[in-house]
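Those protein sequences? They're chains L and H, same order as listed.
Just so we're aligned: 689 in this note's numbering is position 689 of the first sequence, and the numbers increase by one with no gaps anywhere.
Just so we're aligned: 158 in this note's numbering is position 158 of the second sequence, and the numbers increase by one with no gaps anywhere.
Don't read these hints as lab results, they were simulated from the structure.
Treat the hints with care, since some could be wrong.
What the hints assert, rightly or not - Stretch-level coverage of chain L by chain H, calculated; a stretch enters the list once three of its residues show a Cβ under 8 Å from a Cβ in chain H: (1) 186 to 198; (2) 388 to 395; (3) 595 to 604; (4) 720 to 731.
C-beta atoms are modelled at their ideal positions from N, C-alpha and C, and glycine is treated no differently.
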Amino acid sequence: MNDRTSRLRSQSLNTRPGISPERAALMTAFYRENAGRYATPVMRAQAFLHLCQKKTIYIGADELIVGERGPRPKCVPTFPELTCHSVEDLEILNARPLTHYDVDAECLRVYREQVIPYWRGRSMRDRLFAALPAEWHDTYGAGLFTEFMEQRAPGHTVLDDKIYRKGLLDFKRDIAEALAKLDFLNDPLALDQRDALESFAIACDAAIVFAGRHAALARELAGTETDPQRRAELDKIAATCEHVPAHAPRDFQEALQYYWFCHLAVITELNGWDSFNPGHLDQHLLPFYERGLADGTLTRDSAKEMLECFFIKFNNHPAPPKVGVTAAESGTYTDFANINIGGLLRDGSDGSNAVSHILLDIVDEMHLLQPSTNLQLSRQTPDELLHHALRVVSKGYGFPSIFNTDAVVKEQLRMGKSMEDARAGGCSGCVEVGAFGKEAFILTGYFNMPKCLELALHNGVDPHTGKQLGPRTGDPASFRTFDDLFAAYRAQFHHVLEIKLRGNQLIERMYATQMPAPFLSVLIDDCIARGRDYNAGGARYNNTYVQFVGLGTLADSFSALQQLCLDGAMGFSEFVCALDADFAGHEALRQRLLNKTRKYGNDDDAADEIVVRIFNTCIEELDGRPDTKGGHYRVEMLPTTCHVYFGSVLGASPDGRRAGRPVSEGISPVQGADRRGPTAVIKSAAKMDQLKAGGTLLNMKFTPALIAAEHGVENWGHLVRSYFKLDGHHVQFNIVRADTLRQAQAAPAEHRDLIVRVAGYSDYFCDLCKELQEEIIERTEHAGF
Amino acid sequence: MQTGLVFNIQKFSVSDGPGIRTTVFLKGCPLCCSWCHNPEGLAPHAELIVAENRCAVCGACREACPFGKAIAGSGVLPTRNQACDLCERCVEACPTGARQLVGREMSVAEVMAEILKDKIFYDESGGGATFSGGEPLTQAAFVLTLLTECKAHGIRTALDTCGFGCTEDLLVLGKLADMVLFDVKLMDEARHRQHCGVPNGPILANLRALAAVHEQLWLRVPVIPGVNDDAENLTAIAQLAASLPHVRQVTLLPYHNTGLSKHARVGHKYAHADLKSPTSEQMMAAKNYFRACGVDVKP
Numbered sequence: 001m002n003d004r005t006s007r008l009r010s011q012s013l014n015t016r017p018g019i020s021p022e023r024a025a026l027m028t029a030f031y032r033e034n035a036g037r038y039a040t041p042v043m044r045a046q047a048f049l050h051l052c053q054k055k056t057i058y059i060g061a062d063e064l065i066v067g068e069r070g071p072r073p074k075c076v077p078t079f080p081e082l083t084c085h086s087v088e089d090l091e092i093l094n095a096r097p098l099t100h101y102d103v104d105a106e107c108l109r110v111y112r113e114q115v116i117p118y119w120r121g122r123s124m125r126d127r128l129f130a131a132l133p134a135e136w137h138d139t140y141g142a143g144l145f146t147e148f149m150e151q152r153a154p155g156h157t158v159l160d161d162k163i164y165r166k167g168l169l170d171f172k173r174d175i176a177e178a179l180a181k182l183d184f185l186n187d188p189l190a191l192d193q194r195d196a197l198e199s200f201a202i203a204c205d206a207a208i209v210f211a212g213r214h215a216a217l218a219r220e221l222a223g224t225e226t227d228p229q230r231r232a233e234l235d236k237i238a239a240t241c242e243h244v245p246a247h248a249p250r251d252f253q254e255a256l257q258y259y260w261f262c263h264l265a266v267i268t269e270l271n272g273w274d275s276f277n278p279g280h281l282d283q284h285l286l287p288f289y290e291r292g293l294a295d296g297t298l299t300r301d302s303a304k305e306m307l308e309c310f311f312i313k314f315n316n317h318p319a320p321p322k323v324g325v326t327a328a329e330s331g332t333y334t335d336f337a338n339i340n341i342g343g344l345l346r347d348g349s350d351g352s353n354a355v356s357h358i359l360l361d362i363v364d365e366m367h368l369l370q371p372s373t374n375l376q377l378s379r380q381t382p383d384e385l386l387h388h389a390l391r392v393v394s395k396g397y398g399f400p401s402i403f404n405t406d407a408v409v410k411e412q413l414r415m416g417k418s419m420e421d422a423r424a425g426g427c428s429g430c431v432e433v434g435a436f437g438k439e440a441f442i443l444t445g446y447f448n449m450p451k452c453l454e455l456a457l458h459n460g461v462d463p464h465t466g467k468q469l470g471p472r473t474g475d476p477a478s479f480r481t482f483d484d485l486f487a488a489y490r491a492q493f494h495h496v497l498e499i500k501l502r503g504n505q506l507i508e509r510m511y512a513t514q515m516p517a518p519f520l521s522v523l524i525d526d527c528i529a530r531g532r533d534y535n536a537g538g539a540r541y542n543n544t545y546v547q548f549v550g551l552g553t554l555a556d557s558f559s560a561l562q563q564l565c566l567d568g569a570m571g572f573s574e575f576v577c578a579l580d581a582d583f584a585g586h587e588a589l590r591q592r593l594l595n596k597t598r599k600y601g602n603d604d605d606a607a608d609e610i611v612v613r614i615f616n617t618c619i620e621e622l623d624g625r626p627d628t629k630g631g632h633y634r635v636e637m638l639p640t641t642c643h644v645y646f647g648s649v650l651g652a653s654p655d656g657r658r659a660g661r662p663v664s665e666g667i668s669p670v671q672g673a674d675r676r677g678p679t680a681v682i683k684s685a686a687k688m689d690q691l692k693a694g695g696t697l698l699n700m701k702f703t704p705a706l707i708a709a710e711h712g713v714e715n716w717g718h719l720v721r722s723y724f725k726l727d728g729h730h731v732q733f734n735i736v737r738a739d740t741l742r743q744a745q746a747a748p749a750e751h752r753d754l755i756v757r758v759a760g761y762s763d764y765f766c767d768l769c770k771e772l773q774e775e776i777i778e779r780t781e782h783a784g785f
Numbered sequence: 001m002q003t004g005l006v007f008n009i010q011k012f013s014v015s016d017g018p019g020i021r022t023t024v025f026l027k028g029c030p031l032c033c034s035w036c037h038n039p040e041g042l043a044p045h046a047e048l049i050v051a052e053n054r055c056a057v058c059g060a061c062r063e064a065c066p067f068g069k070a071i072a073g074s075g076v077l078p079t080r081n082q083a084c085d086l087c088e089r090c091v092e093a094c095p096t097g098a099r100q101l102v103g104r105e106m107s108v109a110e111v112m113a114e115i116l117k118d119k120i121f122y123d124e125s126g127g128g129a130t131f132s133g134g135e136p137l138t139q140a141a142f143v144l145t146l147l148t149e150c151k152a153h154g155i156r157t158a159l160d161t162c163g164f165g166c167t168e169d170l171l172v173l174g175k176l177a178d179m180v181l182f183d184v185k186l187m188d189e190a191r192h193r194q195h196c197g198v199p200n201g202p203i204l205a206n207l208r209a210l211a212a213v214h215e216q217l218w219l220r221v222p223v224i225p226g227v228n229d230d231a232e233n234l235t236a237i238a239q240l241a242a243s244l245p246h247v248r249q250v251t252l253l254p255y256h257n258t259g260l261s262k263h264a265r266v267g268h269k270y271a272h273a274d275l276k277s278p279t280s281e282q283m284m285a286a287k288n289y290f291r292a293c294g295v296d297v298k299p
């Protein structure tokens, strides 16, 4: 970092997140004036144009890349058409100590007088809650699953290389051609397609207007700037914003600025899940980098400075605040932009380059919360890049996570994507695969698997609420074999999953018809060619995910029931009584469960076979079922922070876990259950056919001593490559000492910059809730070195 | 069926030879070094221990023991009593896993099954299996079969020895193993006898015999302040290393006291509670004695 980027970084870190009511007020005014005037897609595009024309724009001192979603850095707009925060919600945001957002009196006034009166009952959240049936509300309320789209839009996609070749005016020509081909006489869908295509064209205009306003502001600032160097920079910013996004970029700065305008446009028109990200940034930038070096307009240092300015832009954008269950499942400022480093080129050769190393250096020096980064590691990736990445990971910020590109490609081929599209794809958000620039890969919610076993042990009744939520699968005392027990679990799982999927289908259609995303549709193939919106199935590929949580807890629970009740002398009734009592008076039993039963994560086939059976059940029950967009449902094994919420609604579990404690996360073993070191964890995890999922998450925690040893980084690299040879999908590492974390708990003020890997992302340790902090401390420290 | 007494199989072992390894610890050692960090490997028979930090003092061990009522006292059953025939009922009954049996008779097939589990990691990293202890030479026939089996499965092997044992056994095992990690502690006969309980003459003779025929020899020297880190001793070891053919690497292993609590568990009286880990300055001084003799040392 140089002085400029150090200043920008400090500003970004030290500015408190706050809420801006500007977008909500502009949106409300536009809807009051225009509701009913246009077809829905056109209405959405016009509303977006209105925002781009009216919203406050910002160019800060020192900045080289410009543009903010809110009126200034870390000031977050809201999306009342999706979720209309109540005054109480806003007051909670302002008052709560964790993931706090400043809310001022003016914001409350705007909400009370303008926003709430209009949107209450009209927001997507209000409408879809009204449309969902009672059985959905009962199971959702009991914590059997969550729903992503109850307060944010489907989003969750990543950009490919198209914007580096085409300007928005080029896209507008494509749109005009598609419009010209419509057959209004013979095709009943032509009118819908026309509305969609018109909305796309308006969205292009909106982004160009937005850039133009930045160009004008930069010129104005340049006019009064006294420092000649800054004046020149402002002139360059102005020239850049006059050229992109209307036209294809010509140099490094234009390429980054073009992406950034696209990013802002996507996250302004709607609040889509998992932000948006440039994908293979190193591959996209390489031609501009090489050209700049060759013609003398760029050096490695100036490119790095520009990229640092770009990274800070991501960090300036905390996620819009969530409410209710979603705040619990994903309580974080991060918005899950996840830049891919390395990977493969379309022809299958290594995709890493000089820019990959610059990106790793930036991650190393800046350790910002956002953007996330990941290493795409294929067999072609040189060890030099792997070791560079591991040295960055060893600093303990949890970045980058590491993905197996060869598996990522195979997983996508299985979903029917072309080889080239699969290789140009990668991972986004937390761990999910996607064909960048060509796919809607939508996460729909987490699914509480251990809770389904709890239902099976209580004949379908949720012991927490006392409600009969699942089918009557019989008194567990009647179970004679493991198959009997598993069949009861599977019946509960099936029942709850179907409730979730019926809800998904309804919500998906509501978004398809009522809340299109015209600007995003311009960027994702083949929305223009099909004349169909991203939210309505316009993308070339559509895959819809359910994320299953609690694998390790569930497997160890089955293992314990097998050993004590089915193979042992203990009766099911007695066991369930001990669970219902949260082991009060049964501490010896709990100790036996913790210490003397076979556990997943130790390369023990007896325990691992259960995990495989649970995983295969997810695949059999979900994979390949149709969504409403012509795509399919897929399995993902990802918790984010939902394992804490799911644990809070779950009684004591048969593996010895106490009521209310977090369940296991991703495909990681239960915290502390892995006793045979990292190779055993890897072997156990690899027994699942991970290529059948669209993402799995494995967390490992190493102490610094482990890496400091001679050949530590090399052996660490061997460990990762071995996992990937076994078709493992992803692994991430927390490198931190438990005593450091204890110190941070005791004195958070002194450890505000302590970043740890949580689930598919990293977060500030001191911003995590107590339960999550404890769990991260508990995660086994592999002290093998 | 051929069996051996094994007290631990350590996966992801990365300091007993190159790459990622599995180390098989064989029970029984002719030496009794006061700094030993695996004191539970010394006795050539299985023994009961209690990890006191995990013990809930619930008395389940006493209830389960066929002789429990006859043994004086209450609460935790002592681990060493005359009547005990290692039936393991107390181990089974212990809910927290504090009570453990150290040392288990394992067949060749059982040990090989554990080694083979991590073959992919050896192949990726250039690692393999290491046979350590205790002292593997005390179970030479068993180790010989394991080395032969590993070779048949394409797994590279290392023998980690204190060097005290039958020369013929050492040469046979050494020849089969891809590399030998050989410990050298003290060069003075009297001091060796004092700290390790046996003379060092046979060890040094074995080392010279092996060095004459084996091409992959690593010397390992524990550095224990006040015991063997003096100039005289380390210089003598360095001169020995310089004089031998085929010494590929000399590794200095700083003493650490993690084995101390284990000494108490197995009832050793001769453990030094006052031994200290070397400081980085002491380690640097130790290295310099070797460098002065032209011997490169790790780390």
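Quick rundown of the hints versus the structure:
no.	hint	verdict
1	186 to 198	violated (count 0)
2	388 to 395	violated (count 0)
3	595 to 604	holds (count 3)
4	720 to 731	holds (count 4)
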